[in-house]
Amino acid sequence: MAIRRAGRAETLRELGLFVFIVLISVAVQVRNPAFLTLSNINSLLTNTAILAILAVGMMLVLITRGIDLSVGATIAFTGMVTALTIARMPQIHPLVALLEGTVLGVAIGMIIGLLVARFDVLPIIATLGMMNVVRGLTYVVSGGQWVSSYQMSTEFKAIATGRTLGVNNLIMIAVVIYIVAWFFINHTRTGRRIYAIGSNPEAAEISGLPKRRLILLVYSIMGGLAGLAGVLWVAKFASAQGNTAIGYELQVIAACILGGVSITGGVGKLSGLLLGTIMFGILSNALPLINVSPFWQQGIQGAVVLAAVLTNVLVKRNTERNALRRRAI
Amino acid sequence: MIDTGGERTAISIEKPFSWREFFFQWEWMLVGVLFLVIIVNTLISPYFLSVNTFVRTPATFLDKGFIVLPMMFVMILGRIDISVGSTVALSAVIMAVMYNLGVPMPIAMAICILVGAAGGAINGLLQIKFKELSFVIVTLSTMIIYRGIAYIILGDQASGGFPEWYSLLGWGSVLGIPVISVFFAIAVVVFGLLLHKTTYGRATFGMGHNLASARHSGVNTDRVVFWVFLLNGLMAGVAALFLASRTGSVRPNVAVGYELEVIAMVALGGVSTNGGIGRVGGPVLAVFIIGFLSYGMGLANLQAPIVLVVIGLLLILSVLAHRIRFNKTTNKSRPGSVAVKADKNQMEVET
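Same order as they appear, the protein sequences are chains W and R.
Each step along the first sequence adds one to the number in the working numbering, with nothing skipped, and position 97 is 97.
Each step along the second sequence adds one to the number in the working numbering, with nothing skipped, and position 178 is 178.
It should be emphasised that the hints constitute simulated quantities derived from the structure, not laboratory data.
This structure is a prediction, so every number in the text was calculated from the model and none was measured.
Just so it is clear, CB atoms sit at the ideal spot from N, CA and C, and this is done for glycine as well.
A portion of the hints provided could be inaccurate.
Said to hold, decoys possible - According to the in silico footprint, chain R covers these stretches of chain W (three or more CB under 8 Å from chain R):
1. 135-146
2. 172-182
3. 291-300
4. 304-316
To be verified - Computed list of lysine-lysine pairs in DSSO-like fashion (alpha-carbon distance at most 27 Å, straight line):
5. Lys197/R to Lys316/W
6. Lys269/W to Lys197/R
7. Lys316/W to Lys131/R
Isolated chain W (complex conformation) (with noise of 0.2 Å):
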């Protein structure tokens, strides 16, 4: 009854965030008709991709109670390191370079998730401190230079450029993301130990659950998507450079907890999260469009986040008040 009500609330929820992105669509719409064109929408949508692919990521993290703040680093680095491999190799197969930033970005992942599940260092120092230190091998490898567009081959910019089936790729990718990331956490085993160890990690390690092999999976795999999403900027942008994606982990952090990730564990969907990118796709989009000042958009997300935040928290308290009523009676 309890899980149905909790449920319900969340529904509620997510209809309230659809309707609300509805409502600035429309908003904005009316101050300029660019926002609802076909291409805008493309456009939206492929921009919002790779915010989408490593929302994956962090909602997992954050299931567990943890932060990660070292993704935009991580992003940079392994698309400085992809975009030099691909610069001084350019015959090399776009698949391998997907692949090559992947790997980097599971290994920086794994040693993030072992400080925290093997040294039980805090996430947040332990993911504040790797932030710094591969933001500073980004420069290291690349001697501060950058990697521009004409040295990267044609097909490695294609990545991001082409299209599958009619539809661009990255969208493509980060489809089949969800996807896999949907069967991932509701259909197996380990997908819904992550929430299990989130929601109550004593309970969860009573009843024998490798918590700290969790935990280290989860890292990795957020490790994982942000150096594919690394390789995905690099492609996009088609310049790599030592500032790339710098404080890009405030939005994806932002986007999960305005789709309803809670911050303190174990809760967390698709769906909530999916509204909460595109939700922040329209924002960063929808702003230029109607003439905000680029200045104001920081200021924007946050205060977004922070109401996001307190909103969750009032409408928890009133739900839990009225359960207790009820149950009263």
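Dock chain R against chain W, hints included.
For chain R alone, kept in the frame of chain W given last:
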């Protein structure tokens, strides 16, 4: 500050003095590391080892030291504030804009500190009004918002043109000692006394060890959280004063990454990230270690990115060293760990 032996006997009432424990202190290790850094720096550059270096150089990094002191309180509480870099930027930006709007400089400086304090107070209030939220998400969102407001105010412009005397704050000296060092010394004494000699400091330790039992012992935990975070913001405002004085002009992207350096300094200083453990001497030594280390790497012509790598590694390594120092891992979620933790506390409350 190095002689923490005195403080120790003052606090440990029950335990007899032991030479062995006296020498196996974290702070001695830090003193060793500091000497190592100085020796390496001397080997790198023949110009390093001079009285002038030791008097002048600290002025380049002590602005972070002002945040290290209150951050020590935050981390002893078992929390972290990652919004300090943004708070520094916001208060510096508001000060510069105010001054250029015609507000007299002394008042603008007061506003700078007040803005910092307000930023910290908001962090504290959010945490005591919304206890469900972790400190991570609260300070993360204010980190975005404060920096965002700084950008809204100033865009990508710089603001400055401060009066002549204001630059003395960062560059001037009294009797050969930089003004900033004098202020830092005063701040160290104040915060040291606050941490080790007042009920407020004791309450902070108590809450870091066990929040519930501190509350049941009659500590007004909400008030302590509020003041700890307010102080943290306030000192970020003070740091902004010195930073702006040294740079001469302010941009919204000043003090990016300060939170990392500050947290690394506190952690290296022997403050446990789990809360409840720490002494004022350690973080102060760590300020000088990391400060001289970055300075030395500058002398060796290493680029800033390598400094980033080193500081990041230092943060991780010092937290790891803590784990080993306090005997394996403290796994809070493991059943039965309560007893272990209580046992450990008794050992550490006195040290």
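Now for the hints, and whether the structure bears them out:
1. A count of 7 residues in the segment 135-146 of chain W with a Cβ less than 8 Å from any Cβ of chain R is obtained; the coverage claim is therefore met, three being the minimum.
2. Against chain R, the segment 172-182 of chain W contributes 0 residues with a C-beta closer than 8 Å to a partner C-beta. That does not satisfy the three-residue criterion, and the hint is violated.
3. Remark: the segment 291-300 of chain W is confirmed as covered by chain R, as 7 of its residues place a Cβ nearer than 8 Å to a Cβ of that chain, reaching the required three.
4. By the rule of at least three residues with a Cβ nearer than 8 Å to a Cβ of chain R, the coverage given for the segment 304-316 of chain W holds, with 6 such residues.
5. Between Lys197/R and Lys316/W the CA atoms are separated by roughly 41 Å; this puts the pair beyond 27 Å, and the hint is violated.
6. Among the hinted pairs, Lys269/W with Lys197/R is inconsistent with the structure: their alpha-carbon atoms are about 49 Å apart, more than 27 Å.
7. Note on Lys316/W and Lys131/R: the hinted pairing holds, with a Cα-Cα distance of about 13 Å set against a maximum of 27 Å.
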